[in-house]
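Residue numbers (the numbering used here), protein chains in the order written: chain A, 1 to 265; chain B, 1001 to 1262; chain C, 2001 to 2258.
For the record, the hints were derived by calculation from the structure and aren't laboratory data.
Values in this document were obtained by computation on a predicted structure and should not be read as measured data.
Mixed in with the good hints, there may be bad ones.
Keeping only pairs whose Cα atoms sit at most 20 Å apart, straight-line, the calculated SDA-like set for lysine to any residue is [to be verified]:
| hint | chain 1 | residue 1 | chain 2 | residue 2 |
| --- | --- | --- | --- | --- |
| 1 | A | K91 | C | I2150 |
| 2 | A | K91 | C | R2248 |
| 3 | C | K2005 | B | F1106 |
| 4 | C | K2005 | B | D1100 |
Each chain, letter by letter, is given below.
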Amino acid sequence: MGSIRFDKVDKVFGPLTGGVKALDSIDLEIAEKEFVAIVGPSGCGKTTCLRMVAGFEAPSAGVVSVNGKKVTAPGPDRAVVFQQFALFPWKTVRENIDLGLRNKGLAKSERDERIASALRLMNLESHADAFPHQLSGGMQQRVAIARAYVLDPEVLLMDEPFGALDAQTRVVMQEELVRLARVNPRTVLFITHAVEEAVYLADRVAVMTRRPGRIKEILDIRSVREAENWDRHQKIEDVMDLESFVHLRTQIWKSLREEKGPLGV
Amino acid sequence: MRDTPLSFAERIGWGALGLAVLLGTWTLLTASGLVPRPFLPTPLDVLDRMIELMSAPFAGATLPQHLASSFERYAYGVLLAALIGVPLGLLMGWFRWLDDIVTPLFDGLRFIAPIAWVPFAALWFGTGIGGPVLIIFAGAFPPCLINAYRGARFVEPRLIEAARMLGTGNLRIILEILLPAATPSIVAGLRVAAGLGWQSLVGAELIVAAAGVGFMMVQAQANVATPTVMAGMVAIGIVGMVIDVALRQGEAWLRRRRGLEA
Amino acid sequence: MMGRKGLASLTSVAAALLLWFVVTTLTGLVSPGRFPSPAEFWQSLVQIATRGYAGAPLLAHAVQSLKLVLLGFAVAVATGVPLGLWMGWSRRAEAAINPVFLLIRPIPPLAWIPLAILWLGLGDAAKIMVIWFAAFVPSVINAFAGVRAIDRPMIEAARMLGTPRWRLVREVIAPAASPMIFTGLRLSLQASWTTLVAAELVGALLGIGFVLNVAQQDIYPGMILVGMVTVGLLGWATTWLLAMAEQRALAWNMAARD
Ligand SMILES: Nc1ncnc2c1ncn2[C@@H]1O[C@H](COP(=O)(O)OP(=O)(O)OP(=O)(O)O)[C@@H](O)[C@H]1O
Ligand SMILES: [Mg+2]
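Work out the full structure: start from the sequences and follow the hints.
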């Protein structure tokens, strides 16, 4: 359960007023329990891709489907971690995490259990009753992740989820995410600017072109990881030192570099 | 936000529907006799009466004459509020001691509804022009004062430091830095003041006037002349709207002149 | 405990009271026919509080006015806020209702008083109707603006979590719009008092506005001042209560500010 498919998807914003073509004929298949990362220049349409899977945005042409069914509306089977957190400021951390569980109609005891484990996982136990404004950006980001995780969704959509974290927390979260992905694999669409992050986390990395965004190439990381047995290393820095890792990273870097604008930005 | 923005045609369509429901219900209720006419006249009755009042006097004057005397009081009241409120607000924004003196008194008076000044207004200035002007003043003064004060108080401190560094005196700082910097806030305050002043005018005329649209309406109420009451409401609404549109235009013009987008 | 500001306020108010005493009592600069002296004010207060004035003691007048304001305000808020939320949520509702608003809004609430009296007489109903009209508009407009200002991702997050419609309104839309809603409530409350006083001045048999009306006809400055002070105090007290409610309801927002 949880395969995603983009079939010749175009997206034009504001078609009535001239229109900006954000995505151009995106074709991408993400298998069940596969972890795919998208990298690409800023404004190339990464967020737009993710929003279409989430059901917030409809394609202008083509079809986005999940489990072979066309996406028409948002739903808790596809949990989203937003680029801007989107926590409810009037709810405490616990209440933020609880909302999705309540919507599922779960019993109080089960909800409490799940919340407790999500809080533990994200290292938020001491802040369960704080309001989002009382937390640092990194903590808010962790709440947003916990809120999605706790639903145990088939598909997890993450839009630069570690963007606001400091370097140390980021590393911890990355290692944690890898551990989770191995223990309890699920379908993940993960957007990031950080090439290392993409290579470290993903089974496959899709590189996008500048706007209008197209899929430029897709690299298979998983076969290399398994062949070279990256998982024997616990720490991210040990993996990042491996020659096979560096090789892949450089390859993606070069690909992205070709996509920089005329001023190199 | 919920659904996508409507197209122009859809907006017009829904708007027309809304108005049609309002006017339709009104007409239906009255024309069918479900609600007796002396109680609620039809829209056409009101229109007829307005046209009639253009030339036929009621309560001593025609509608335009009533409007003219209303407007005169209104202009005096608002002008007075602006002439006292804006400078006082600017000075309070600059001189801390003045702020300390005026703010507690102002806060104390703020909770007295402007209309509660009616008895004193009548006692001190009579029911001609003075009484109503005081009440309009009471309504229009607070936004003039508050907005000038806020505008001056929250001026970018660096501007003032720069002026200080150049050896600028108090008066010059107020006139050449605080006033221009506070202008957007002051203008917004004047618009609010104009609206509240118009409100207070109506209240004042209902109670302490011997002429004006409000006076005409109370007289009509006493004579159970419902169409005249409603004609007065329409006239007040139209003039109020014209004032607001004019001030909005003025504000936009000012913004353009200062080079802050239209 | 009391800072420089508190001290300045106290001094300022004390000076104003002293000035009042000087101009009315010590020098007679202002004649008692124009403005009461402190002593006259006190006598008027004692008179209305104990023996009554304009047909009833002060407490009865105050309770009557307070009752009407709270009733009118409650009706206005209970109808205005949901309407504003709905207009903010649905573009269609906005498109249909806005023109009606544009038509009715320029008419100041006070201008409805004669019509209300014609329709409902001099009793409570007419006053509640006018207060409702006056307090309705700020409630609608601010609730509307509050919904329109909600961050889109906030709504999307709620929908992604599968939040059902009614829960969405109660737990997401309304709280997100609540700072603006409270701004509207403050304006509505203010409008309620203004309107009530005006309506009672035009015609009533009980209430603070009626006291003012009778005192004006009796040319009784001491009682006029008593009436004004009572209106001010009642207005202040209700505003304070609303501010307390706001502070409780928006605790999460306050945390954001400091
Ligand atoms: N609602 C919208 N209306 C109009 N244009 C939009 C809208 N949303 C996105 N765009 C445009 O579509 C393009 C792609 O946007 P998107 O947010 O998907 O980029 P992104 O790859 O996520 O960028 P970043 O890395 O900066 O987050 C951008 O040029 C953006 O300006
Ligand atoms: Mg993005």
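Go through the numbered hints given earlier and state which of them the structure violates, listing their numbers in rising order.
none
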